[in-house]
Amino acid sequence: MSKNIKLMQGNEAIAEGAVIAGCDFFAGYPITPSSEVSEFLSSRLPKMGKAFLQMEDEIAAMGAILGAALGGAKAITATSGPGMSLKQENIGYASMCEIPCVIVNVMRGGPSTGLPTLPAQGDVMQAKWGTHGDHAIIAITPSSVNESLYETIRAFNLAIKYRTPVVILTDEIIGHMREKVVIPDKSEVEVIDVKLPDVPPEKYNPYNYTSGKVTPLAPMGEGYRYHVTGLIHGETGFPSQKTDVIQNAQNWLIDKIYKNIKDIEKFEEFQTDDADILIVAYGSTSRSARQAISMARAAGIKVGMFRPITIWPFPEEQISNLSKKIKKVLVVEMNMGQVILEVQRAACGSKIYGLHIVNGEPITPDNIFAKIKEVSEN
Amino acid sequence: MIKTKFNYDYYLRKNTLPHIWCPGCGDGIILKALLRAIHKCGYSKDEVVITSGIGCASRLPGYVDFNTIHTTHGRALTFAIGMKMYKPKLKVITISGDGDALAIGGNHFIHAARRNIDITLIVFNNYTYGMTGGQYSPTQPLDSFATTTPFGSIEPPFDVCNLAQAAGATWVGRSTSYHAVQLEKFIVDALNHTGFSVLDVITNCHISYGRRNKMKSPVDMIKYQKEKAVPARSAENMSPEELIGRFKTGVLFEAKDKPEFCGEYHKKLELLKTK
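Sequence lines, in order, name chains A and B.
This note's numbering numbers the first residue of the first sequence as 995 and each following residue consecutively.
This note's numbering numbers the first residue of the second sequence as 5 and each following residue consecutively.
Some hints could be false.
Mimicking SDA-like on lysine to any residue, the simulated pairs with C-alpha atoms at most 25 Å apart in a straight line are [to be verified]: (1) K49/B to L21/B; (2) K279/B to Y1218/A; (3) K93/B to F155/B; (4) K9/B to E1033/A; (5) K220/B to K279/B; (6) K49/B to V1188/A; (7) K271/B to E1033/A; (8) K44/B to P1194/A; (9) K36/B to S48/B; (10) K93/B to P1194/A.
Hints were generated in silico from the structure; no laboratory data involved.
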């Protein structure tokens, strides 16, 4: 069978990935540069008999996908900076109540209304810390249109497997560029489906903090009646202020992600074997970095790259290991210094440099090559 | 259809009691009326979903044995809409206080009404933010007192029913926690209506509201409900001056010709199938 190859926009690839993953509910609110995700799904989902809603604001869109997800839907929303800020309280609710959902944030410049619609990568820390309280999250940074499709499928799988919100943290460049995509057949990709619990309703607890296993979230309306609350709750789902219950619940929200980091992490190493300088870059910036590495190698400077695909939880161990052999690390990102803070923590034995350009333009290979030369001579 | 004899215990999660409500609070009266109404409608416990926001009233779902979602402040209707759109066969009810439904949740209130989605919203309207200590709410009467209106309120209150009707709700009614029998009947009517139904229930918070407004005891506040309620039909023969400080009760608006949202969506899906 010949391959199904299409020229596609990044945002369209996310919509296509959602369809392949079996997404059956979208709710959103228009905001550039993410609107194409909802435009594509407003046509695709109804044709498949599935639900599409444009809500009155981003808060409502986030609430609606959680309501649907509690009914058993594979649900997604898409937004950009200001909308991502509005969604934060209900993202915290999804973390607290362990409701699977996918949130696309096509990053533009900020803060506030910022730069519609010019690229930036300023929402990396927000993806992790945007909502209040202790919790963990999964965030994914695709760097191509093709990867946007496949990582959206993975985002749905991780959301269901770990009962957590998963953020697809893409950026205006990836969202709006057009590239070749190889569309897989459903049989070629792993798709995790929503399941009923394997215990009868009378034995079902919606939460499990102690066995280390993630309990499936029973779709409501199927005989498993339970209570969901954003208050700290015990394993039965009812609120509790007992110290041991609170601590167990808090530990669990972090542990279920961090103790499974090997399953959740994904990254790419590029020409790191002989490198004297390691670039850390993600999303669209990693594309310029790749070009800059060719330029540097042509000039006799050995540079490699570590590219996190899963950016949260952060791949500390890999960066720590690389920093044992590569003593200069250059972090390139379209923000004033966010991921560099994580790299400084993980690669404390190396000298860390940063290239942070936030002027509404992509960071170019020339920008990066110039910085590489500076680092090389330092 | 359940044809068993009504029994509160069947619907209560007794292990979650006692509830958090103060002695004399009207919320329990509404809870009981809701359970009787659900029984009368014959819904199974598995097909009922109750969402709520934040506040005293919004603690109700925890006590009743249905599919229950205690959501974020003001957002109960958004969760309800997601659930109803995804599983239209379920009976979705939203419980919300006056602050929850009309201040922080006001946007969702009007848009749910505009869509005319088949959800029943019951507003527990006690004119105050009881849980946070009695700050003024968007339904608090003019010139009355709260912890944040120590010199009397200058903000005109919302009329929940007028707002719901103007925004597009197709069943709108009002009762009180004093009129418990009428209340039950209205909940049955609202649940049986296809479309967005809003029932405004005047209830009492003597602790946070009454105490600051010369109605210290639950009895004072129940008397207020009894004396200030004007059946809609009687109100027709009263002058605007006579209605000052009073509120209309009854089924205030009902429209059967406006299409319901999920039904319309389903029609579109059927149309797409044939294309």
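Evaluated hints:
Proximity of K49/B to L21/B is assessed by CA-CA distance (about 19 Å); at most 25 Å being required, the pair is judged to hold. Of the pairs offered as hints, the one joining K279/B and Y1218/A is violated, with about 38 Å between alpha carbons and a cut-off of 25 Å exceeded. Of the supplied pair hints, the one linking K93/B and F155/B is violated, its CA atoms being roughly 49 Å apart against a limit of 25 Å. Distance hint between K9/B and E1033/A is unfulfilled; the C-alpha atoms sit about 51 Å from each other, more than 25 Å.
A threshold of 25 Å between alpha carbons decides the hint, and for K220/B with K279/B the separation of about 65 Å lies outside it, so the pair is violated. As the CA atoms of K49/B and V1188/A are separated by approximately 22 Å, the hinted pair is consistent with the 25 Å bound. With a CA separation close to 20 Å, the supplied pair K271/B and E1033/A stays within the 25 Å bound. The suggested pairing of K44/B with P1194/A is violated, with an alpha-carbon distance near 28 Å, which exceeds 25 Å.
With a C-alpha separation of about 17 Å, the suggested pairing of K36/B with S48/B holds against the 25 Å cut-off. At most 25 Å may separate the alpha-carbon atoms for a hinted pair to count; K93/B and P1194/A meet this at roughly 22 Å.
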